[in-house]
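**Q** Given next are the chains, with one letter for each unit.
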Amino acid sequence: MKTPALELINVTKRIGNKEIIKGLQFTIDKGEVFGFIGPNGAGKTTTIRMIVGLMSLTEGDIRIHGKSIKTNYKEAVREIGAIVENPELYPYMTGWQNLKHFARMIPGITDERIKEIISLVKMEKAIHEKVKRYSLGMRQRLGIAQALLHNPSILILDEPTNGLDPAGIREIREYIRALAKEENVAIIISSHLLAEIEQMCDRIGIIKNGELITTQSVHDTEDEEQSEAEQIFLFDIKPAKKAQEILESEFDAEIDHKDGILTIKTSRKKVPEMVKTLVKHDMDIYQVATSKSTLEDKFFDLIGENIIE
Amino acid sequence: MSNFFKLIYNELFKIFVRKSTWFMFVALFIVILGMGFLEKGFGDDYTSENWRAELEQENKELQKDLEEDDMEDSPFYDFAMSTIEENNYRLEHDIMPLSTGGWSFMYLSTSFLGLVSLFTIVIAAGIVANEFSQGTIKLLLIRPIHRSIILLSKYIAVLIFGFITAVSLLLLSLGVGGILFGFEEHIPAVVIDNTEGLTHISVLKETIYQYSFYSINLIMITTFAFMISAVFRNNALSIGVALFLLFTGNTVVQFFSDKEWAKYLLFANTDLRPYFDGKPLFEGMTLSFSITILLVYYAVFVILAWGIFTRRDIA
Ligand SMILES: Nc1ncnc2c1ncn2[C@@H]1O[C@H](COP(=O)(O)OP(=O)(O)OP(=O)(O)O)[C@@H](O)[C@H]1O
Ligand SMILES: [Mg+2]
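Chains as they are written, first to last, in our numbering: chain A, 1 to 309; chain B, 310 to 624.
If you are wondering where the hints come from, they were derived from the structure by calculation, not from laboratory data. Careful: at least some of the hints might be erroneous.
Lysine to any residue pairs mimicking SDA-like chemistry, simulated, CA-CA at most 25 Å apart [what the hints assert, rightly or not]:
#1 Lys100(A) with Leu321(B)
#2 Lys100(A) with Leu468(B)
#3 Lys74(A) with Leu460(B)
#4 Lys74(A) with Ile454(B)
#5 Lys130(A) with Ser442(B)
#6 Lys130(A) with Arg327(B)
#7 Lys100(A) with Ile623(B)
#8 Lys70(A) with Arg621(B)
#9 Lys132(A) with Val326(B)
#10 Lys74(A) with Ile465(B)
#11 Lys132(A) with Phe322(B)
#12 Lys67(A) with Arg327(B)
#13 Lys130(A) with Val326(B)
#14 Lys130(A) with Gln443(B)
#15 Lys18(A) with Lys74(A)
#16 Lys315(B) with Ile114(A)
#17 Lys74(A) with Val326(B)
The structure presented is a predicted model; accordingly, all values stated were derived computationally and were not measured.
Build out the structure end to end from the sequences listed, making use of the hints.
**A** Written out as structure tokens, the structure reads:
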């Protein structure tokens with residue numbers, strides 16, 4: 001049996017008599033990107049603090065490549081690069097001085113490596129400015145840079161998209177996918193926004209009130225293709241009215257018409273047939289899309305209202 | 310460079326990259342310079358020709374004052390008596406008194422050792438607390454290094470800073486004195502009073518002694534400030550409590566000097582010099598007693614700082 005990159009075993013945290021984390025249990029494999037989603041106060045940051053050794057565990061264990069964070073701290077934490085909550089760096093030092101500072105704490109990080117990371121996060125221009133003059137997004141980039149310095153095999157990013165502009169988010173997304181695919185790095189990304197990280201994750205874990213409610217794969221494409229499960233599809237067609245009539249007469253589907261777009265609830269399997277039928281009737285099809293909100297809907301169903309306890 | 314030295318380098322780098330640190334050294338320089346000009350304006354200026362006559366003159370005047378006032382209880386009486394004694398000793402042994410000159414000025418700088426404590430306390434108070442207030446503690450502690458080692462690197466950096474500051478005081482005063490006054494022909498001597506009566510010692514030796522004995526005081530008070538910083542993570546609290554102790558410590562010892570337990574107070578034991586002059590602060594105190602007390606305090610500070618810092622949750 002191969003050891004997972006990261007393994008949480010019945011992880012529990014009590015502060016005072018409040019149980020903040022309640023028996024968390026999940027594993028992450030090498031090369032997997034795990035999205036850690038939950039509303040404010042769910043316990044994402046607390047879990048991450050325990051994984052990186054900033055907080056002790058009340059019960060349970062965390063193993064990193066099989067090494068316990070409790071009994072083998074140095075070996076375990078060497079594998080990890082992380083940003084925890086806000087990217088807080090030394091404001092009175094330059095970006096470069098900050099990176100050098102953290103590089104000195106781990107043997108074998110060359111200046112070339114530091115420069116490589118700087119160009120990766122596109123911070124060449126501002127790297128010799130003091131961090132106190134950085135924008136939030138620049139700090140976030142520098143935070144990501146310090147997490148990557150030592151080529152960690154597990155990367156933990158607590159809300160890394162916080163403060164990034166759309167281009168920045170896309171860069172991070174691409175880079176995270178590449179890290180997982182090419183270098184087999186296991187990655188945990190926490191966020192409250194599912195939509196923001198859905199596309200970079202292989203799997204999503206949903207946490208609420210310190211409990212892991214569910215984990216679920218994002219790209220089960222093979223399953224989905226044959227799936228009988230109904231989903232919402234959006235058809236952009238002209239003329240829409242006529243298309244609705246045709247589809248209703250030939251298929252057994254719920255169809256709504258709004259602003260020239262048909263919203264059809266059906267199984268994925270049926271979509272190609274519908275398109276063929278519409279083409280036969282000489283309709284102009286501009287776009288067919290799945291409604292993004294499926295996972296998001298599920299997320300809200302699971303979480304319910306966000307009541308902070 | 311080994312890993313541990315890199316950690317200390319990091320800590321020193323963070324201290325010296327900040328402007329506020331350099332401001333301390335500028336302040337130190339200004340204070341020394343200020344004293345230099347005061348000394349130039351008002352200091353005694355004995356020359357190798359005139360000093361005997363001047364001392365005799367001074368003795369005569371003091372004698373006259375004493376006879377006129379005839380107040381054996383007044384504090385002036387003790388001062389006058391010891392001055393006369395010292396002057397006589399100098400005349401007998403042909404030792405010129407301290408005058409305006411580089412060496413004498415360096416010796417005067419020992420009165421500013423309190424500034425070294427002040428600055429080192431400020432650094433010790435901030436070195437852990439600031440990491441918490443900036444939030445950088447999280448990134449600092451997720452490295453493959455045990456917390457106790459990181460704390461040790463910080464502690465050593467504080468001690469090095471204290472050492473650098475003390476040496477700066479010494480060299481700056483020597484430099485300022487040398488430039489303002491030039492150096493005396495012979496290294497002058499101070500007259501001190503120990504169990505065998507009056508004796509004399511060169512200012513160079515005496516200065517080194519004073520700095521060395523003071524370092525015990527410095528280490529204890531900065532270790533205390535460091536401990537408060539590590540335990541309470543609060544810069545201002547740490548500076549406040551440590552400075553309060555620094556300024557009131559000796560007074561508190563004086564105040565309770567009639568109590569049996571006063572000899573167990575930290576500041577009753579930080580000055581080991583009296584043992585070497587044969588004059589302990591309290592009856593029955595010995596050098597080994599004081600060293601034991603110091604070690605107990607030190608151990609308590611270290612155990613508190615390390616015990617709490619290495620165990621606490623970083624939230
Ligand atoms: N030091 C602490 N003492 C007591 N309770 C705490 C402490 N730290 C966190 N908590 C509680 O633990 C819960 C989880 O907090 P945590 O910061 O892990 O949430 P989060 O999922 O990261 O939320 P967010 O999305 O807002 O960042 C919260 O209810 C919080 O009140
Ligand atoms: Mg959080």
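**Q** Each hint should be assessed against the structure and marked as holding or not.
**A** Each hint tested on the structure:
As the CA atoms of Lys100(A) and Leu321(B) are separated by approximately 14 Å, the hinted pair is consistent with the 25 Å bound. Pair hint Lys100(A) plus Leu468(B) holds up; C-alpha atoms about 23 Å apart against a cutoff of 25 Å. Proximity of Lys74(A) to Leu460(B) is assessed by CA-CA distance (about 16 Å); at most 25 Å being required, the pair is judged to hold. Between the alpha carbons of Lys74(A) and Ile454(B) the distance comes to roughly 6 Å, so the proposed pair stays at or under 25 Å and holds.
Between Lys130(A) and Ser442(B), the direct Cα distance comes to roughly 18 Å. Compliance with the 25 Å bound is thereby established for this hinted pair. For a cut-off of 25 Å, the pair hint linking Lys130(A) to Arg327(B) stands: about 12 Å separates their Cα positions. A distance of roughly 23 Å separates the Cα atoms of Lys100(A) and Ile623(B); the hinted pair therefore holds under the 25 Å criterion. Between the alpha carbons of Lys70(A) and Arg621(B) the distance comes to roughly 14 Å, so the proposed pair stays at or under 25 Å and holds.
Pair hint Lys132(A) plus Val326(B) holds up; C-alpha atoms about 14 Å apart against a cutoff of 25 Å. For the suggested pair Lys74(A) and Ile465(B), the alpha carbons sit about 22 Å apart, so the restraint of at most 25 Å is met. Pair hint Lys132(A) plus Phe322(B) holds up; C-alpha atoms about 17 Å apart against a cutoff of 25 Å. Restraint check for Lys67(A) and Arg327(B): the C-alpha separation of about 39 Å exceeds 25 Å, so the hint is violated.
Using a Cα cut-off of 25 Å, the hinted pair Lys130(A) and Val326(B) holds, with the two alpha carbons roughly 11 Å apart. Between Lys130(A) and Gln443(B), the direct Cα distance comes to roughly 15 Å. Compliance with the 25 Å bound is thereby established for this hinted pair. The suggested pairing of Lys18(A) with Lys74(A) is violated, with an alpha-carbon distance near 29 Å, which exceeds 25 Å. A threshold of 25 Å between alpha carbons decides the hint, and for Lys315(B) with Ile114(A) the separation of about 17 Å falls inside it, so the pair holds.
The suggested pairing of Lys74(A) with Val326(B) is violated, with an alpha-carbon distance near 29 Å, which exceeds 25 Å.
The structure shown violates the earlier hints numbered 12, 15 and 17.
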